[in-house]
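Position chains B, C and D against the provided structure of chain A, taking the given hints into account.
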Amino acid sequence: MDLRFGPDQERLRVEARDWLEAHVPRAGNGGPLPSLDTAEGFDAHRVWERTMFEARWAVVSWPERYGGRDGGLFDWLVFEEEYYRAQAPTRVGQNGIFLLAPTLFEFGTEEQKDRYLPPMASGEEIWCQGWSEPDAGSDLAAIRSRADRRGGDWVLNGQKTWCSRGAFADWLFGLFRSDPAAERHRGLTYFLVPMDAPGVTVRPIAQLDGETGFAEVFFDDVVVPDAQVLGEAHRGWEVAMATAGSERGLSLRSPARYTEAAARLVALHRRCAERHPVRAARLADAVAKAVVDAEAYRYHTYMTATRVLAGGSVGAEASMNKVFWSETDLAIHRTALELLGPEAELLDDEGRPPAWLDGYLFALAGPIYAGTNEIQRNVVAERVLGLPRA
Amino acid sequence: MDLRFGPDQERLRVEARDWLEAHVPRAGNGGPLPSLDTAEGFDAHRVWERTMFEARWAVVSWPERYGGRDGGLFDWLVFEEEYYRAQAPTRVGQNGIFLLAPTLFEFGTEEQKDRYLPPMASGEEIWCQGWSEPDAGSDLAAIRSRADRRGGDWVLNGQKTWCSRGAFADWLFGLFRSDPAAERHRGLTYFLVPMDAPGVTVRPIAQLDGETGFAEVFFDDVVVPDAQVLGEAHRGWEVAMATAGSERGLSLRSPARYTEAAARLVALHRRCAERHPVRAARLADAVAKAVVDAEAYRYHTYMTATRVLAGGSVGAEASMNKVFWSETDLAIHRTALELLGPEAELLDDEGRPPAWLDGYLFALAGPIYAGTNEIQRNVVAERVLGLPRA
Amino acid sequence: MQFAFDDRQVEFRAQLRALAEKECTPADLRAAWESAPGWSADRWRALGDMGILAVTVPEAQGGLGLGFVDLVLLLEEAGRSGLPEPVVETVAVAAPLFAALGTDASGRWLEGIASGEVAVGVAAPPGAPEGPGGPVLVNAGGALLVLPSAGGALHVVETTGAGSAGLALEPKRSVDGARHLVEVGGEPPAETEVAAAGPGLELWRRACDRGAWGTAAVLLGVADRLVGFGAEHAKARVQFGKPIGSFQAVKHHLAGALVRLEFARPLVYAAAWALDEGDEEAPRLVSMAKSAASDAASVAASVALQVHGAIGYTWEHDLHLWMKRAWALGAAWGDAGWHRARLLGQISW
Amino acid sequence: MQFAFDDRQVEFRAQLRALAEKECTPADLRAAWESAPGWSADRWRALGDMGILAVTVPEAQGGLGLGFVDLVLLLEEAGRSGLPEPVVETVAVAAPLFAALGTDASGRWLEGIASGEVAVGVAAPPGAPEGPGGPVLVNAGGALLVLPSAGGALHVVETTGAGSAGLALEPKRSVDGARHLVEVGGEPPAETEVAAAGPGLELWRRACDRGAWGTAAVLLGVADRLVGFGAEHAKARVQFGKPIGSFQAVKHHLAGALVRLEFARPLVYAAAWALDEGDEEAPRLVSMAKSAASDAASVAASVALQVHGAIGYTWEHDLHLWMKRAWALGAAWGDAGWHRARLLGQISW
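Protein chains in written order, with numbering that gives the first Met the number 0: chain A, 0 to 389; chain B, 0 to 389; chain C, 0 to 348; chain D, 0 to 348.
Heads up, a few of these hints could be off.
Said to hold, decoys possible - Calculated pairs, SDA-like style, for lysine to any residue (alpha carbon to alpha carbon, straight line, at most 25 Å):
1) A/Lys112 <-> A/Ser60
2) C/Lys241 <-> A/Ala141
3) C/Lys234 <-> C/Ile310
4) C/Lys21 <-> C/Ser114
5) C/Lys234 <-> A/Pro133
6) C/Lys241 <-> D/Pro242
7) D/Lys241 <-> A/Asp138
8) C/Lys241 <-> A/Ala181
9) B/Lys112 <-> B/Pro224
10) C/Lys234 <-> B/Gly314
11) D/Lys241 <-> B/Ala141
12) C/Lys234 <-> A/Ala141
13) D/Lys241 <-> D/Gln305
14) D/Lys241 <-> B/Ser137
15) C/Lys234 <-> D/Ser245
16) D/Lys241 <-> C/Pro242
17) C/Lys241 <-> A/Pro133
18) D/Lys241 <-> A/Arg388
19) D/Lys241 <-> B/Arg143
20) B/Lys112 <-> B/Arg68
21) B/Lys112 <-> B/Ala241
22) D/Lys234 <-> B/Asp134
23) C/Lys234 <-> C/Gly255
24) C/Lys241 <-> D/Ser245
25) D/Lys241 <-> B/Gly157
26) D/Lys234 <-> C/Ser245
27) C/Lys241 <-> D/Phe239
28) D/Lys234 <-> C/Phe239
Hints are computed from structural coordinates only; laboratory data are not their basis.
Pulled out of the complex, with its shape left as it was, chain A reads as follows (with noise of 0.2 Å):
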């Protein structure tokens, strides 16, 4: 056991830690960009995407030919360490980054990577997923947009619906029933989708802040060639499964954003005392529990890493992340507006959630998305603790 980053990686975090200095917008220095949830706060999401591609930051895990720098986990987790400390701006093209690119490399044809991953590493192409539909949300396998054979190609129809990112994004990944004899999660195949495909129209949906962080949309007789259907066809499910795990895993959360935000509670904790000694007596043990928690789940994924480059795999843990980092951010932001006590509630001078609130805002989404918390912890109980099902 040694739990000190290797020199490569204090390298690394150096080297990032300057670049990122100079580089992250803040005020007075192009930023901070506008909500990612805008038309404009998309496009300027878009240039910070291009600019981190340039310097290479923007994939560190990938190989070099694809714009990465052939780092390994502890490289990608040092990365994400700096990228959060120095409150750089959300990645509007973390689904295609964390979710679709996993996939790409397990399941992709050569032809795929080299057409696909480049332009989504610049910020040039933002990916946004389509799993959900109206009425299969936790019951994933209950998908009915349909994938049909005419000529070599495949047609697309239906509806898919809390795309996130889909309101601005250019491509769509997702699943489509091919085999409309097969049930639940047999015959489905999985495709990529250009979003200006004729006959895809896209409904944003306002969400909790009223922005439209996601949308609906339709496929009208959507033709889309073999080319662009990821794995075999009607082994959708099992491809799928490959994104789920890193949408759900180590991928997409970063300990970072938990222990960044922990720190950033401590500092409002002491802030609070000051003024509100008692209600700051109160929370103190609500915000060392968040430090407890936030530490733990970073401990926690150095683990994992460490048994995943030694060759194992992650499987149901996923749910237990799951579990714990959105009960962790919830925790957090609660705790963070307990201290802010009545002024929790006022918005900014443009009428945005200022920082903590849009925090929350967004904490609350986590034992929702991929896959609500309820969910997990039957996966918990059944794979990891061998509970029957019901």
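Below, chains B, C and D alone, put in the same frame as chain A:
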């Protein structure tokens, strides 16, 4: 709305307080009594029941002819407040008085009431309950103990378990399957059985504190006459549900238990603040929450009592009560143990749990007995909110 | 002991419910979010006509001369229907205060309240330790503004715009778009003083108790509506071939929220009675009521959102109108923790 | 970065597990409850033979000269198997302290520990603010007793009975019957002093960190056993025609407990590494580890009991042997709240 007790109740309160002040066994006054889950303690508590009975305090809400004072619900609540304030002994007769008696009043014949109520009130005959069986706990309708017709009598065979007070009780009330062809809730009959009847065997079960608070009871061709059937034969479920409603609802769980415990908790917190200010500051919120919840339960009980007196019923609300009082009781005692810190684990010089630890052990049973809180939440969701059964 | 409402009180609530079903639909609420001051003079007058604004106004000033037990079911209904108007500030906080003042001016204000012409906002002093709704905030747009000076004297300012009586009134937006808040800057001038420092502070403290209590009553209704949203969705939404309400996790979430609500309710009702009686236990009961109601609404909001899933996370679904109200009112007039600290004597208005 | 154990460490744990399965059955545990000092000299010697007692003893004194990363899986296993012996006090607290002292006497004590002849108890000083296991308690029966004086000097007393070296040693019973505690009365005499006030206090503080950490490691095993009890019962117990583990409420209870445990674990392991390294973050990591492990064991105990229902409430069922251990160890050496307060700098050893 008028939240004052009437002059009659205030008179009753003063009378009860004076009497209890003079008679409650305390150190130097024949007390405190040994644990009622020991043979010696059981007898001592039986004597206390007799003392109360002779002063007509055993069953204030019963008709005078059975030893009561013809009191109403609020008279009973006032008496209970004084009883807990005086830190008087746990009622060894409570299973009979609070669980069986309401059923006897509703379903018993005149002969049964004359036969069973006075010795129940005086402590001469202590009752235990015979609901659960090894394979019928949460699923109470899975009862398999049988009652067969032989001659003009019934013959009982089978096994009951978790019979509170069963180690030393004189009588048992419980359900037996009288119609083997009927399923689940049907074909059950409610019996009253003397524990010294031939064929009854008692195996005491030691509980968490090492003492025999409950027992298994085995029935081997136990002959019982029709006179010991309560209500109609084969209609025992309906009869029992009235008792279960009492158990889970208003009657057993006097709010005074919680308000009294919350008041002691506040005093404990004050003492803790002198020696361990950081600990006390951390737990202040939990202490106050315990007070709020105890008072909430008290006022909720007053509301329910008002409604019952106006002809209303308790119904599924009993399940809400059960969840609330059991969680409140646990929270009060958990907070107390945290206030005690590292001293909480210590037993007293006789190796018995001191008051707070003893109360905690008792409170731990709350979410389990009288229908687990999981079952109660199902009831609340289905019967109050109208959610569909699984 | 008679812990129940009489037929007249229950009937009064039914009248408000009927009015709100017509005049305060979700569409109306969304309109209130979009426009300042966020509430409707027409609806305010309709509330006046049905009598709720006159409940605590003495009969001499055209009011009903009733008390808080008469008011509490109405406030609960106001929460259930989402009424954006400053009913608590006007009816629970200001009217009893004005009645206690007994001046000519306060008589006129009371008449205006009873007739639905006057609405009141309340602001806490900049120096207040942990006050109602932040040190300088007010649920406003009212024609009158009640606030103490930093020194503890009590003032009533007739507002006429952004710079009334030398005070700066700067609009502030809340996460609950129906709450149109105003930040009050500056000290009120001497001519608006209605009570000097000593008695003014005492009047203010009692006003804060009524504000916290009234808000607790509104929160009961908010929580009730949120549990209702959750239960309806759980019955209607089908996944895995059955309504999600048949899954135990969903059942237990909702049952837990309902239990918190049902046990908060009697504390709010008991506090109403204690306030009516001038009972010395009233401040304690108010703090118990507000902490329990804030918690109940907070739990109900969390549970309702979780049961809804993504659809509850949208602006289109009405859930968030009540959820954000639960957050905002939960913290206003002292959050649950503030009131629990007060209960232990650690803090006071 | 290499956050994993090596094969030798994992194998060492397997050896202890094999030993415990033979020598520390639930029947053995019940025997430990019934007799003072509650632990078995034979088992202690067997533990010595398999090496666990020698882990932190320097090689010069016949030990293995290993560290806390080598020890942590063993302590976790001790918790899982319910070992009643004072392993934490002897191996985690005392041996490194004795090694730091470097005296002739401490060399002899270390040799005794390594060979399984000496067990150690640790008592906190009467004046300690919020210490390990109450101001005057010790998990004892050991031949040696480590305690600071009220003035902060550190003492080691060779115990010979109820009145060793002028100290009164009064047995105390814990709700966890396997913990045979002793209340220490009086001040240790000058001749037992091993370090003067200044350096003694520093040694003591580090000893407390190791005690809290070791107890956290044991609690991981306790929690693991409790979750295991719950899961096994949930699979076996049938109600309503199916195993209760198929009901979502039971699943979610157990899944929640497992999640708390799995995320406490890395903190305990990381603290072991930091202690080995003498890292300045070690005290913070120890407090994080103990608070997380105490909470995890507490949740596991509650969930396991609730899943078992009445059978778990009995003395006959083995569940309570671990449940009570979770309660007692959860509070010993600082409970979860104590360590969180320390993390914020509000309190210290």
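Now the hints, each set against the structure:
1. In summary, the hint linking lysine 112 of chain A to serine 60 of chain A is supported, as the alpha carbons are separated by about 15 Å, within the 25 Å threshold.
2. At most 25 Å may separate the alpha-carbon atoms for a hinted pair to count; lysine 241 of chain C and alanine 141 of chain A meet this at roughly 12 Å.
3. Distance hint between lysine 234 of chain C and isoleucine 310 of chain C is fulfilled; the C-alpha atoms sit about 15 Å from each other, no more than 25 Å.
4. A distance of roughly 20 Å separates the Cα atoms of lysine 21 of chain C and serine 114 of chain C; the hinted pair therefore holds under the 25 Å criterion.
5. Between lysine 234 of chain C and proline 133 of chain A the CA atoms are separated by roughly 16 Å; this keeps the pair inside 25 Å, and the hint holds.
6. At most 25 Å may separate the alpha-carbon atoms for a hinted pair to count; lysine 241 of chain C and proline 242 of chain D meet this at roughly 21 Å.
7. A distance of roughly 23 Å separates the Cα atoms of lysine 241 of chain D and aspartate 138 of chain A; the hinted pair therefore holds under the 25 Å criterion.
8. With a CA separation close to 21 Å, the supplied pair lysine 241 of chain C and alanine 181 of chain A stays within the 25 Å bound.
9. Using a Cα cut-off of 25 Å, the hinted pair lysine 112 of chain B and proline 224 of chain B holds, with the two alpha carbons roughly 16 Å apart.
10. At roughly 22 Å between alpha-carbon atoms, lysine 234 of chain C and glycine 314 of chain B fall within 25 Å of each other, so this suggested pair holds.
11. As the CA atoms of lysine 241 of chain D and alanine 141 of chain B are separated by approximately 12 Å, the hinted pair is consistent with the 25 Å bound.
12. Note on lysine 234 of chain C and alanine 141 of chain A: the hinted pairing holds, with a Cα-Cα distance of about 19 Å set against a maximum of 25 Å.
13. Proximity of lysine 241 of chain D to glutamine 305 of chain D is assessed by CA-CA distance (about 18 Å); at most 25 Å being required, the pair is judged to hold.
14. With a CA separation close to 12 Å, the supplied pair lysine 241 of chain D and serine 137 of chain B stays within the 25 Å bound.
15. Distance check on the hinted pair: lysine 234 of chain C and serine 245 of chain D sit about 22 Å apart at the alpha-carbon level, within 25 Å; holds.
16. Between lysine 241 of chain D and proline 242 of chain C the CA atoms are separated by roughly 21 Å; this keeps the pair inside 25 Å, and the hint holds.
17. For the suggested pair lysine 241 of chain C and proline 133 of chain A, the alpha carbons sit about 15 Å apart, so the restraint of at most 25 Å is met.
18. For the hint pairing lysine 241 of chain D with arginine 388 of chain A, the CA-to-CA distance comes to about 10 Å; that is within 25 Å, so the pair holds.
19. Only pairs whose Cα atoms come within 25 Å are accepted, and lysine 241 of chain D paired with arginine 143 of chain B is accepted, the gap being roughly 17 Å.
20. Of the supplied pair hints, the one linking lysine 112 of chain B and arginine 68 of chain B holds, its CA atoms being roughly 16 Å apart against a limit of 25 Å.
21. A hinted pair counts as satisfied when its Cα atoms are at most 25 Å apart, and lysine 112 of chain B with alanine 241 of chain B qualifies at roughly 16 Å.
22. With a C-alpha separation of about 14 Å, the suggested pair lysine 234 of chain D and aspartate 134 of chain B falls inside the 25 Å cut-off, and the hint holds.
23. With a C-alpha separation of about 17 Å, the suggested pairing of lysine 234 of chain C with glycine 255 of chain C holds against the 25 Å cut-off.
24. Distance restraint check for lysine 241 of chain C and serine 245 of chain D: the Cα-Cα separation of roughly 17 Å lies within the 25 Å cut-off, and the hinted pair is therefore satisfied.
25. Taken as a hint, the lysine 241 of chain D and glycine 157 of chain B pair is honoured in the structure, with Cα atoms around 22 Å apart against an allowance of 25 Å.
26. Proposed proximity of lysine 234 of chain D and serine 245 of chain C is supported: the alpha carbons are some 22 Å apart, at most 25 Å.
27. Restraint check for lysine 241 of chain C and phenylalanine 239 of chain D: satisfied, since their Cα atoms lie roughly 20 Å apart, inside the 25 Å limit.
28. Between the alpha carbons of lysine 234 of chain D and phenylalanine 239 of chain C the distance comes to roughly 23 Å, so the proposed pair stays at or under 25 Å and holds.
Of the hints listed earlier, there is not a single one the structure fails to meet.
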